[in-house]
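Asks: Going down the list, the protein sequences come from chains A, B and C. 169 is the number that my numbering gives to position 169 of the first sequence; each next residue is one higher, with no gaps. Start counting at 1 in the second sequence, then tack on 1000, and there's your number in my numbering. Start counting at 1 in the third sequence, then tack on 2000, and there's your number in my numbering.
A few of these clues could be false.
[As the list claims (entries may be wrong)] Taking lysine-lysine and the PhoX-like style, the derived pairs with C-alpha atoms no more than 20 Å apart in a straight line are:
1) C:Lys2178 <-> C:Lys2141
2) A:Lys300 <-> B:Lys1111
3) B:Lys1318 <-> A:Lys287
4) C:Lys2141 <-> B:Lys1318
5) C:Lys2302 <-> C:Lys2141
No lab work stands behind these hints, which were simulated from the structure alone.
These are the residues of each chain, in order.
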Amino acid sequence: MDILIAAILTIITAATPLLFAALGELVTEKSGVLNLGVEGMMIMGAIIGFVAVHHTGSASVAIIASMVAGAFMASIFAILVLKFHARQVPTGLALTIFGLGLSALIGQSMIGVAYTGIPKIAIPGLASIPVIGNILFNQDGLVYLSILMVIVVYWFMNKTRAGLILRAVGDSHDAAHAMGYSVVKIRFMAILFGGAMAGVGGAYLSLAYSPLWVEGMTAGRGWIALALVVFASWKVGRVLLGAYLFGGITILQLHAQALGIGIPSQVMSMLPYLATILVLVFISRDKTKIKLNSPASLGKPFHESR
Amino acid sequence: MLPRLIKRQTPSASMVYLSPVLALLLTLVASIILFLMMGVSPAAALHAFFVEPISSVYGLSELTVKATPLILIGVALSLGFRAGVWNIGAEGQLILGGIFGGTTALFFYEKTGFYIIPLILITGIIGGMLWAGIVAFLKTRFNANEILTSLMLSYVAALLLNLLIHGPLKDPDGFNFPESRLFSDSALLPILYDGTRMHLGAIIALVAVGLGWILLSRTLLGYQIKVIGDAPAAGEHAGFSPSKIIWITLLISGGAAGLAGAIEVSGPIGQVLPNISPGYGFAAIIVAYVGRLHPLGVLFSALLLALSYLGGETAQIKLNLPVAVTGVFQGLLLFFLLASDVLIHYRLQFSKQAAV
Amino acid sequence: MIKKIISSVAIATCLTVAGIASAETKVGFVYVGPIGDHGWSYQHNQSRLALEKALDVKTSYVESVPEGADAERVIRQLAADGNDVIFTTSFGYMNPTNKVAKKFPKVKFEHATGYKRGNNVSTYSARFYEGRAVLGAIAGKMTKTNTIGYIASFPIPEVIRGINAMTLAARKVNPDVKVKVVGVNTWFDPGKEGDAAKALIDQGADVITQHTDSPAPLQVAEKRGVYGFGQASNMKAFAPKAQLTAIVNNWDKYYIKQVKAAQDGSWASTDTWDGIKAGMVTMAPYADAVPQDVRDYADSVKASIVDGSFHPFQGPIKNQKGEVVVKEGETIPDGDLAKMGWYVEGVDGTIPK
């Protein structure tokens, strides 16, 4: 039992950065834009957050700074894609290359700098409930924020007019444009939101997960986040499921190795990827349902014409 | 007053060629600022990036070595991208090609025969096709999105190679280090120019450019690919099978990536290693798009990207610039290249009225 | 037939290089990671800086060079650029280094952790396992749960040797010790390394150690109130209480010695495998948590390794099945250590076959 609780606590930390970045990307993609630059935005969030906490000592300032950094990166992408009609796929990839390089330059003076990590916030009363108290109510602020963001994004997408418009833009930009909505403005904001969320996902790595800075510390998590949006078939709730499934299997295979099950570690390390494929296959069989969810204009350039 | 973009009636023929020139000029200006900020002479840095790497025969030959896998995969990927098939897992397909081709090479260790090299290349293609075939199968049979499956399978491929290189592919006399035997001479691609590493793969890449061109412009399949990509409904209406296009484009791109993997192990590397690709499969996606999904464009964009990698190495050696600068520089270059293409379809208007 | 090694091009490059070369010695370095990895490449770079301070040399380096087709070009460029000595600091550079060395017979090449040498190629590595034995001695005395957690990167001989040395030393003082091994299949992913540390601690490990590059596992140990050891560099800043000591890679002396030898003409191809005695493997100061008797014991282990009275791999040694593979009074020879591919008794882990 104790091991189970401990494993769940570890899974939460492993899933949280993925959850932030994937939620942001989901909103971006729902507006019809595919930004493959998540990794680049995440790592910029990680370094700027770390630099900020190093200089100000304030976790809140650091988190905000990381969001600004992610949004700044996203704005480069947005300008290129929306104003200059650059193709989305290569522009996102270029953003990743750029971000990995720029973060390494900025972080040169942060090598070897230690930070204790953002504090845990125990919710009075609730945190002392046996078993679930420690899991649910004794986390760092960013874990609460990530769950809060799931609710906020779900509410925004499904219950607000603005969310409806965003989805309309993603489904058919021409129709949305004809109805008088500014496709470019709406997409710009969706991209910025995606960047800010990727930024805070990166900051989770450098401020909470392993509070330090090393070059390339996102180690491919931006790509996993991208895959999780597809996995979720653009549904908010399923992003949560996907992030915890992937994080969960990653951690459980480490536990299995520590138990000494006698399977080579390379095979064990394949499991999260294989499991994600398997579950995707299982939930994708209903073709029409998936089609309804996926933004029809995803990745397609918008040419304003009257 | 900011200039405003106005859509052209027809794409500008001159801008097709002029926009990359403009992009390079803009990169020049931006990188001068970047290098001044880094405290190095822009002239020296630009010389290191663009001139030095190709100022010798050896440098030019290395450019072909670096560009070969990018061209091969880039050309094949652009077919799929045109059809709206998002294979972003060419990296994994390349690794499978390396595993298959490498296994063949090791099977014929210390044997000779004209058939060995063709067999290596063919098994490499099969390996890549197999990996991409899984993606196609899951897509057509279970509707599983190829972005996810191809990407996840890339990670699996890398771990599979790692498993094999610590096991059956390991050099029996290699002190248990994770690398294979060095291939016999009969399993190494012929060198095209003595004293360099320019190998047969360079010619294969050029042939791929030619084949890609013919396929796109002269065959029914090429026509179908374009129609399905531009207007899926119209394509289905015309009786083109989307499943068939998915299978064909994935098998072509997987096969090409697998071939690239086999070429890498039997060419410049000469053995199987835990890392046979520094991300060629991902870089080729950029190459395909910067080359505007056109085989000839891919050729040029692959050479340009390869040059920037070589230039990054030279800049480190000559100027002690950290490798991170290469990433920033490449990012800027790509941003400008991608943005400048806007001028093909749009023109700038400076009139005040329009800027309201 | 294919490999005509020396072409007119290569000769031309050599000649121009020889013409330009000044009195100042040029030294090149090739790193597998970024110098900001705070681990393996970082330490090599620290020693490059020490070399620059100690001697009248000009150094250059190329970082994050993949161990594939690119390595040969980079090494060759460094040679063509007039470097007199070139250090290639990862195992995967072995064949490229030797290939380039044949084309540049006047340049001295130094390859880390490999086994192929040539007239102008030396190899060097450190007996990190000596340091691991000291860690094992401390861990065996400090553990209360008799469980030590070990985060491994890849199942290469270097890593296996470290795991075995630590296990043997720990079981010598505490025969009940078990070493749990978790492979993360990366040198470098702070998040995953930390996760592995958590999994091991959750399963009862109260001392952890790592053969990956980042300080993340130590940070976890600090938070969870268990102990750990620094890897490659002194990581005390990240875990002031948890880091009992650290193995610190120190290439300073070796780099200075070899470059000096190249300068005065005494350089010759050798194989160097130095440990604590030569100062290539050093230990960080003990943390406050290490009691005096443990310190004394660890010091005695260190001293006995240095004076040669003790070897971390001296018999009796049993394998995982409990069979005696090294008899009392025998020691595993260097050649077998170099290719070690099996675990000793007490290790919980699997090596792919």
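Asks: Please work out if C:Lys2178 and C:Lys2141 have their alpha carbons no farther apart than 20 Å.
Replies: holds (13 Å)
Asks: Are the Cα positions of C:Lys2141 and B:Lys1318 separated by 20 Å at most?
Replies: violated (51 Å)
Asks: Between C:Lys2302 and C:Lys2141, does the CA-CA distance stay at or below 20 Å?
Replies: holds (15 Å)
Asks: Given the hinted pair B:Lys1318 and A:Lys287, is their alpha-carbon gap at most 20 Å?
Replies: Cα-Cα ~56 Å, so violated.
Asks: Please work out if A:Lys300 and B:Lys1111 have their alpha carbons no farther apart than 20 Å.
Replies: violated (52 Å)
Violated hints, listed in ascending order, are 2, 3, 4; each of the other numbered hints is respected by the structure.
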